[in-house]
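Protein chains in written order, with numbering that gives the first Met the number 0: chain F, 0 to 262; chain S, 0 to 262; chain Z, 0 to 262; chain L, 0 to 262.
None of these hints come from the bench; they were simulated from the model.
Take the hints with a grain of salt, since some may be wrong.
Where chains are identical, the list cannot tell them apart; a pair therefore holds if satisfied intra-copy or between any two copies.
Said to hold, decoys possible - Capping the alpha-carbon separation at 25 Å, the derived lysine to aspartate or glutamate pairs in DMTMM-like fashion look like this:
1. 29 / 18
2. 29 / 164
3. 186 / 142
4. 34 / 165
5. 139 / 180
6. 186 / 171
7. 6 / 250
8. 157 / 17
9. 233 / 209
10. 157 / 142
11. 34 / 17
12. 34 / 18
13. 233 / 108
14. 56 / 26
15. 186 / 115
16. 186 / 129
17. 139 / 115
18. 51 / 250
19. 6 / 245
20. 56 / 165
21. 139 / 171
22. 137 / 171
23. 139 / 108
24. 233 / 115
25. 233 / 142
Computed from a prediction, not measured in an experiment: that's the story for all the values here.
4 protein chains.
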Amino acid sequence: MAESKQKYWRTSIADVTDEGMVIRGYDVLKDLAGKIDFGALVYLLYRGELPKGNESKIINAIFICVAEHGISPSSTVTRFIQAAGVPIQCSVAAGAMMFGDIHGGAGEEFSRFLQELVSETNASGRDYDEVAYEFVRKHKRIDGFGHPHHPSGDPRTKVLFGLAEEYGLAGDHIRMTRALERALVAKTNRPLLANIDAAVGAIISDMGFDWRVARAFIVVPRTAGLFAHAVEEKVREPGWRQISLDQVEYDGPRRSQSDKAST
Amino acid sequence: MAESKQKYWRTSIADVTDEGMVIRGYDVLKDLAGKIDFGALVYLLYRGELPKGNESKIINAIFICVAEHGISPSSTVTRFIQAAGVPIQCSVAAGAMMFGDIHGGAGEEFSRFLQELVSETNASGRDYDEVAYEFVRKHKRIDGFGHPHHPSGDPRTKVLFGLAEEYGLAGDHIRMTRALERALVAKTNRPLLANIDAAVGAIISDMGFDWRVARAFIVVPRTAGLFAHAVEEKVREPGWRQISLDQVEYDGPRRSQSDKAST
Amino acid sequence: MAESKQKYWRTSIADVTDEGMVIRGYDVLKDLAGKIDFGALVYLLYRGELPKGNESKIINAIFICVAEHGISPSSTVTRFIQAAGVPIQCSVAAGAMMFGDIHGGAGEEFSRFLQELVSETNASGRDYDEVAYEFVRKHKRIDGFGHPHHPSGDPRTKVLFGLAEEYGLAGDHIRMTRALERALVAKTNRPLLANIDAAVGAIISDMGFDWRVARAFIVVPRTAGLFAHAVEEKVREPGWRQISLDQVEYDGPRRSQSDKAST
Amino acid sequence: MAESKQKYWRTSIADVTDEGMVIRGYDVLKDLAGKIDFGALVYLLYRGELPKGNESKIINAIFICVAEHGISPSSTVTRFIQAAGVPIQCSVAAGAMMFGDIHGGAGEEFSRFLQELVSETNASGRDYDEVAYEFVRKHKRIDGFGHPHHPSGDPRTKVLFGLAEEYGLAGDHIRMTRALERALVAKTNRPLLANIDAAVGAIISDMGFDWRVARAFIVVPRTAGLFAHAVEEKVREPGWRQISLDQVEYDGPRRSQSDKAST
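Work the whole structure out from these sequences, hints included.
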């Protein structure tokens with residue numbers, strides 16, 4: 000009896016004891032380090048078991064596709080903060096915060112509705128294209144399709160979906176994503192193909208990941224790229240970055256107001 | 000002529016054009032995705048070239064050793080913030096900020112002085128043990144050695160140094176780290192062995208990485224663990240986490256002061 | 000002509016030139032510093048003009064009510080990160096991130112729907128209580144009412160609404176908030192009174208603030224409290240904070256799994 | 000007896016009980032709200048007692064001088080992150096992280112050495128100018144003096160030092176700061192006058208604040224400005240901000256490398 004009170008912290012992820020650390024039942028040093036790669040560890044962390052097929056390969060491919068994107072809003076933020084003399088893990092963290100609903104984080108919501116749609120469709124036995132057309136008809140805007148820079152389709156999607164097929168990992172969620180593409184193209188007459196957010200969302204859904212972990216597949220690898228930017232900023236640029244005034248337009252009230260205040 | 004003005008942003012990491020993205024000269028989709036693993040990409044990002052030996056294997060092993068540490072200060076911070084209803088990339092970013100000078104970030108400073116020490120010693124042709132003894136004599140405290148929970152040595156160091164040897168990657172920086180261990184043990188009569196921060200610092204220094212990027216080898220993989228904690232918090236715990244009052248002691252001035260103010 | 004291209008950054012908040020800085024048309028050094036208090040500046044920043052009545056007084060009172068809350072989730076986060084050796088502005092920033100949808104940030108959504116409700120009600124000429132009853136009937140849950148620690152009403156609400164009356168600033172939004180309280184109490188038979196989030200939301204709505212700025216009235220003053228915690232942690236506590244293992248329960252798979260992996 | 004074990008959290012800042020919250024011995028609702036202004040509360044939080052003179056006035060003046068600075072690195076960071084669809088307290092927090100050693104956070108280090116210098120000088124009875132000349136001779140670079148935009152002295156310093164005199168708050172730390180200015184000008188023949196970081200550092204040191212809290216006097220008020228920028232970005236700008244490619248120069252290895260990889 001007694002000991003029934005729940006502890007403040009409860010976790011099933013890892014156990015740290017004097018004998019070493021166990022992740023999801025596997026001893027990190029005896030069973031994992033030097034034996035699996037980081038893609039497999041990510042699978043273990045989020046799925047609770049080691050991959051049985053090529054899951055680690057596709058996770059590595061996803062990570063490689065999203066780890067870096069040159070000078071972009073997130074690397075810009077990291078560089079501005081790095082230039083202000085802040086520890087590197089903080090400037091990288093600030094850049095990582097940016098992968099929200101609009102910029103790179105759309106995969107979370109996409110995975111959520113995709114998993115629901117596939118699960119309902121499979122339960123009902125309905126046709127994927129029929130469901131997709133209906134879904135597209137009902138929703139004004141569906142995130143995850145179309146890309147301003149890639150009118151004929153995000154090339155990363157093509158490569159990742161191709162690898163998923165090759166690795167034997169393509170399943171109902173990729174199938175439904177393609178049905179949604181067909182429905183969107185038919186409805187809009189525009190090439191609204193799955194972009195990288197949707198591609199990653201579909202692939203991780205086919206591997207059985209919880210939609211809540213979708214952003215990890217963008218943010219974890221991207222922090223690797225952000226560190227490269229922070230170090231490059233430190234090594235090559237001379238201190239604090241100013242904003243050039245000729246980039247700025249002030250369109251608020253003019254100084255004349257001062258008179259009113261000086262009364 | 001003309002075009003001589005330097006642009007506001009300058010980078011040698013990646014180039015994003017209509018033809019696709021190039022990282023350090025390699026086309027991401029044609030040359031990298033599906034062809035190398037994430038460890039090799041990390042090497043490419045920070046060293047500017049693809050690994051020629053087993054570097055990717057040791058990077059994977061490092062990432063696996065540090066990706067997760069159960070309920071710890073960083074996962075605790077991520078869980079508190081997640082429980083407050085903030086997007087997951089923000090709660091993970093806050094946890095990542097913690098890997099500073101004291102907690103997990105010591106590898107940066109360790110790599111800096113280790114690289115300097117090895118470079119000077121090699122230039123002078125002096126004996127590693129002699130240099131290490133002198134260094135230890137001169138410095139009151141050297142970060143990276145000793146671990147409160149592992150009096151007989153951090154087991155992760157033993158595994159990682161062993162793998163570095165096996166992969167043919169152990170060089171002068173591991174050698175000097177071991178000389179520093181011997182000098183510290185001799186001086187203090189305590190088992191001040193290289194902990195995980197020093198182990199990672201020594202290994203990445205042997206691979207030629209800039210010390211400024213040392214924290215990436217802790218923070219990038221750890222964000223994977225922090226995502227697992229954020230999702231677990233969301234799925235299993237009921238909303239906002241309160242701090243139990245019986246954990247708190249207030250030792251400031253008592254309410255009696257109110258009298259003074261009410262005058 | 001020509002100069003028609005829009006600049007990358009556009010702002011009506013402040014203009015920084017060689018002659019000094021102007022905020023919303025007022026010269027900071029000539030018109031504001033030493034002449035108004037910080038509450039009035041906050042009003043100027045968000046409303047674009049100086050207050051004409053007691054607005055600065057009520058902003059000061061709000062700031063005082065929310066600046067500090069002892070050992071709470073946010074100060075805990077700041078202290079954990081501070082203890083890890085990170086610059087103080089970063090540990091405070093992490094604590095500030097916590098004021099999201101669940102913890103302290105509910106005023107944003109509350110202000111949004113309150114402003115809409117008041118505006119529609121005034122346009123239609125309907126009775127406030129009638130509208131409030133209808134609204135409460137239609138919504139299962141309304142954030143901003145009730146407080147786990149204050150069953151008979153958040154005392155901060157009473158004080159702040161009292162001051163708003165005294166300063167001549169109570170208007171339709173406080174009136175509607177009280178109508179909502181009556182409707183909620185009638186519907187649920189429980190004392191679901193406006194908590195601090197709703198109180199602040201109603202008061203700033205009566206002063207004409209955009210609902211998007213609601214969280215500023217919590218976060219700006221609270222950063223002052225978080226700095227006090229960060230400094231206290233630095234001065235009084237000895238370095239890195241560990242999580243006591245007797246607070247942690249691991250309920251994942253047992254180490255036995257190792258056997259499977261060692262094949 | 001028994002009860003001797005120290006609790007995990009210990010604070011002297013505020014006590015939250017069923018009777019309400021007490022800050023440094025003062026009941027927030029009975030003694031503070033509606034009775035003092037936010038400047039006085041800041042003083043109470045960091046000094047542990049209510050101000051006896053004009054301290055609140057000068058704190059308000061400092062806050063007004065630093066609350067806003069137009070389009071600057073910090074507001075830029077907040078705007079980029081806001082444009083990515085992240086909660087406002089997170090985009091503001093990221094901007095606040097920037098006030099580190101280089102950008103706006105120099106007051107911390109300045110206050111530290113200024114407090115030491117004044118305390119030693121007073122203990123020894125030496126002449127301030129003599130000490131300042133000696134200090135300046137010994138140090139190659141002293142942060143807090145000079146401003147790229149204000150060659151003839153930061154006008155905010157003049158105003159704030161003037162108000163400190165007027166309010167009867169100017170003491171030894173302002174005196175020593177002026178001695179340092181004289182010594183720097185004599186040594187360098189350049190107008191290296193105290194900038195805003197040094198001015199704030201000197202004034203808060205004269206009020207007896209711990210140097211560790213110096214950045215609060217910049218960051219707390221500046222969060223008010225950052226909220227204004229985040230809201231303006233949300234209201235006036237259309238979604239995600241891209242970086243214009245004509246601002247970016249890639250100078251890494253050319254795509255030709257692809258050949259090597261394709262073998």
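Violated hints - listed by number, lowest first: When the structure is compared with the hints, none of them turns out to be violated.
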